[in-house]
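Model the placement of chain B on the given structure of chain A, informed by the hints.
So the chains spell out like this:
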Amino acid sequence: MKILDIALKDMTRSFRSMFAVIFMFGIPLLMTGMFYFMFGDIASGGEFNLPRTKVIVANLDKGGPKFQVNTKNIPGGAKANTMGELVVNVLQSERVTELVDLTLAPDAETARAAVDGQRAQVALIIPPDFSKQFADVDGHAVIEFYQDPTLTIGPGVIRAFLNRFMDGMAGVKIAVNVFLDEAEARDQALAGVVVQRYLDISLAQTENIETKLLDTRAPQKKEKSAEEEKQNILARIVTPIMGGMMIFYAFFTGTSTAQSILKEEEERTLPRLFTTPTSQATILSGKLLAVFLTVLVQVVTLLIISPIIFGIRWGEFLSVAVAAIGIICGASSFGIFVNSMLKNTKQSGVIFGGVLTVTGMLGMISVFAAGSSGGGQLGETVSLIVPQGWAVRGILLAVNHAPISESFLNMFALLVWSAIFFVIGVWRFNRRYA
Amino acid sequence: MTTNHAIQVQNLQKTFGETQAVQGVSFEVQEGEIFSLLGPNGAGKTTTISMLCCLLRPDEGDALIMGHSIRHEAMGVKSVLGVVPQEIALYEDLTARENLDFWGKMYGLRGAALKTRVAEVLDIIGLSDRANERVGQYSGGMKRRVNIGVALLHKPKVIYMDEPTVGIDPQSRRNILDSVVALKQQGMTVLYTTHYMEEAQELSDHIAIMDHGKLIAGGTHAELVRIVGQMDRITLTVNVEAEKVVDAWRRVEGVKQVAADNGVITVLAEDSNRALPRLFDSANAHGARIASIDIQVPNLESVFLHLTGRALRD
Chain A
12 MKILDIALKD MTRSFRSMFA VIFMFGIPLL MTGMFYFMFG DIASGGEFNL
62 PRTKVIVANL DKGGPKFQVN TKNIPGGAKA NTMGELVVNV LQSERVTELV
112 DLTLAPDAET ARAAVDGQRA QVALIIPPDF SKQFADVDGH AVIEFYQDPT
162 LTIGPGVIRA FLNRFMDGMA GVKIAVNVFL DEAEARDQAL AGVVVQRYLD
212 ISLAQTENIE TKLLDTRAPQ KKEKSAEEEK QNILARIVTP IMGGMMIFYA
262 FFTGTSTAQS ILKEEEERTL PRLFTTPTSQ ATILSGKLLA VFLTVLVQVV
312 TLLIISPIIF GIRWGEFLSV AVAAIGIICG ASSFGIFVNS MLKNTKQSGV
362 IFGGVLTVTG MLGMISVFAA GSSGGGQLGE TVSLIVPQGW AVRGILLAVN
412 HAPISESFLN MFALLVWSAI FFVIGVWRFN RRYA
Chain B
48 MTTNHAIQVQ NLQKTFGETQ AVQGVSFEVQ EGEIFSLLGP NGAGKTTTIS
98 MLCCLLRPDE GDALIMGHSI RHEAMGVKSV LGVVPQEIAL YEDLTARENL
148 DFWGKMYGLR GAALKTRVAE VLDIIGLSDR ANERVGQYSG GMKRRVNIGV
198 ALLHKPKVIY MDEPTVGIDP QSRRNILDSV VALKQQGMTV LYTTHYMEEA
248 QELSDHIAIM DHGKLIAGGT HAELVRIVGQ MDRITLTVNV EAEKVVDAWR
298 RVEGVKQVAA DNGVITVLAE DSNRALPRLF DSANAHGARI ASIDIQVPNL
348 ESVFLHLTGR ALRD
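So the protein sequences, as listed, match chains A and B. At position 128 of the first sequence the residue is numbered 139 (my numbering), and the sequence of numbers has no breaks. At position 154 of the second sequence the residue is numbered 201 (my numbering), and the sequence of numbers has no breaks.
Think of the hints as simulated: they come from the structure by calculation, not from any bench. Computed from a predicted model, the values in this text were never measured in an experiment. A virtual CB, placed ideally from N, CA and C, is assigned to each residue, including glycine. Treat the hints with caution; some may be incorrect.
Derived pair list, reagent style SDA-like, types lysine to any residue, alpha-carbon separation capped at 25 Å [to be verified]:
#1 274(A) with 186(B)
#2 204(B) with 279(A)
#3 274(A) with 353(A)
#4 162(B) with 19(A)
Some, not all, of what chain B presents toward chain A, calculated at C-beta under 7 Å [claimed, not checked]:
#5 102
#6 122
#7 125
#8 126
#9 130
#10 132
#11 134
#12 136
#13 140
#14 149
#15 152
#16 153
#17 154
Just chain A, with the same shape it has in the complex (with noise of 0.2 Å):
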């Protein structure tokens, strides 16, 4: 009963500091909110609003033999007379134009000019023999594609739709080219209906064209839920911020709240319990419980509110349960430790912009390093190092549903690292005191 009573009176104490309750709820709600807001605009209506990509076509396509294909699926198709117009009016469509702000030139030189000045993103240059190569079923008909090298998305979107459309139209060649090697000289006839047929079905696979570059704009989905699709994309990106934050300042709570043991010696309250028939364990005992129970509060709490703010999904109840109970015994044992180590609060500076700085910083490395490639595996490794990257561990992997089981090994792992702490805490307080 006393160890309760000890436990109550400091968590009083806890919980009436402002600046603790700040640090506790305060900092890691702001601090999310900070992202939250800031990937705010990228998620509203969800889409991303990708500049439009200035493009200068230099057509110099002289045309050749009569283009004898149904162009009624391609935008601005009938108007073509030659492949070069067609490539031309492809990229004016309506439904391309939010990505491509296309001019054009009178010749390839004005076209790089106005690449090398800056005012064109990239220049395609249509060469004078465009449509009489792809009529020729063995000839390469080939566009010169000139881009700022400073540049990346824009020039890629314009390459992955030109390479796409162009992939299609080469079809059609290959296409003819089988069909004379293997067909006798009777149905040769057969070959206008061929190419009339495959032409049709690739021109038609080619009219989606935009529609398939740009999936991540998704009208339809738009349509459906604009509200719902920007709540998901947000959760997304600050649910494993906000477990960083939480973790972070749990152990910030922790190593603060069991710094009570010394702050108590310094304020004679401590030698003063001593002096009551209140046995020295049970003295200790109420002290840790008091951490371990502040922690609990604080991420409870976290947990519940957070979701009704930014809308987190933490995963399923048990998952969630495992990683929290993993962040709690963590982050209490590790100030308990912490603290032991200390001669007095003055050295607390120290610990607090120090060894709680870095290794938080460590353990939160997975979450920043998450969006890189081969960052990511790296970054989750050296969070390992920390306690604090096993207790991210556990919030990701109850985020990203991963089976109960990962979740338990991984709740063991911190309660491993919890033992070593505790025991090596609980010690020397015991030695100190004694």
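Okay, now just chain B, sitting in the frame of chain A:
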């Protein structure tokens, strides 16, 4: 050891590194009396008290508190003991009532008994009307009162008060001294440590004088004063450095002891009327002028000076 002794101390010793803080201290305190440990700072009073309330384990010796050994029955000792530490040991972010409530629980009080006792103690220390204010907002004197109140919660048989009047205003000091007398009237045994001679003189039934970790004298006030006989205590200041005349005055006829502390010279003399003209002559001979004189009848200060050759330092 007889049963009407509240405290029996035998040969307590404690060493910290090279320093022998307490060297074989022995004394006895009768039930219901006020017993003062008097001595300058660093005399070993707090170390002795710390051993008696089981905060420090003695290297040698033992003590019985209401029959409980400090070596073998720490919980028994703590349950009959109330401790008022030298520093204010309270939770400043809790109210006075919350403080008393918490400390009461630590002494094993619960429920209605605790509530009643907290109200009684608040009444005793005169803070009932401000019980719900945080201790951090109290004046130094009010904090001292709560500090004492905590030690009274479980109605202890013995109460230790370790220099409870250090650093407080005269009015609060008066209140504390009155409360110590009141505790005695309620039948409590009080072990009081101080380096203020006049406090020990006013309060105590018995006094033990400590210096350098040893008890150098003990008894009632009258018994201790008899040690110095009927010598007068003369306190003087001179217009030059005190050291210039101290050696010369030690050789003056009728002077038994001379000590200087912070420019103030204390002289023990058999007859101040005869000694003073000689002290004036000696001062003149050394080019000094006596600036002030105060003559007192023998007291504990005189005793300490007589026993140690030094003044009790404030």
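Okay, the hints, checked on the actual structure:
Note on residue 274(A) and residue 186(B): the hinted pairing holds, with a Cα-Cα distance of about 22 Å set against a maximum of 25 Å. Between residue 204(B) and residue 279(A) the alpha-carbon distance is near 23 Å, which keeps this suggested pair within the 25 Å criterion. Between residue 274(A) and residue 353(A), the direct Cα distance comes to roughly 11 Å. Compliance with the 25 Å bound is thereby established for this hinted pair. At most 25 Å may separate the alpha-carbon atoms for a hinted pair to count; residue 162(B) and residue 19(A) meet this at roughly 18 Å.
For the restraint placing residue 102(B) at the interface with chain A, the shortest Cβ-Cβ distance is roughly 6 Å, inside the 7 Å limit, so the hint holds. For residue 122(B), the suggested interface contact is upheld, since its CB lies about 5 Å from the closest CB of chain A, less than 7 Å. Hint on residue 125(B) holds. Least Cβ distance to chain A is approximately 4 Å, under the 7 Å limit. Hint on residue 126(B) holds. Least Cβ distance to chain A is approximately 4 Å, under the 7 Å limit.
A cut of 7 Å between beta carbons decides the hint on residue 130(B): the least distance to chain A is about 4 Å, and the hint holds. About 6 Å separates the beta-carbon of residue 132(B) from the nearest beta-carbon of chain A, less than 7 Å, and the hint is met. The restraint placing residue 134(B) at the interface with chain A holds, with a minimum CB-CB distance near 4 Å, inside the 7 Å limit. A cut of 7 Å between beta carbons decides the hint on residue 136(B): the least distance to chain A is about 4 Å, and the hint holds.
Because the beta carbon of residue 140(B) sits about 5 Å from the nearest beta carbon in chain A, less than 7 Å, this interface hint is met. At a threshold of 7 Å, the smallest CB-CB gap from residue 149(B) to chain A is about 5 Å, leaving the interface hint in force. The beta carbon of residue 152(B) is positioned within 7 Å of a beta carbon in chain A (closest approach about 5 Å), and the interface hint is therefore held. With its C-beta approaching chain A no nearer than about 4 Å, residue 153(B) sits inside the 7 Å limit, and its interface hint holds.
The interface hint given for residue 154(B) is met, as the beta carbon of that residue sits about 6 Å from the closest beta carbon of chain A, less than 7 Å.
The structure fails none of the hints (numbered hints given earlier).
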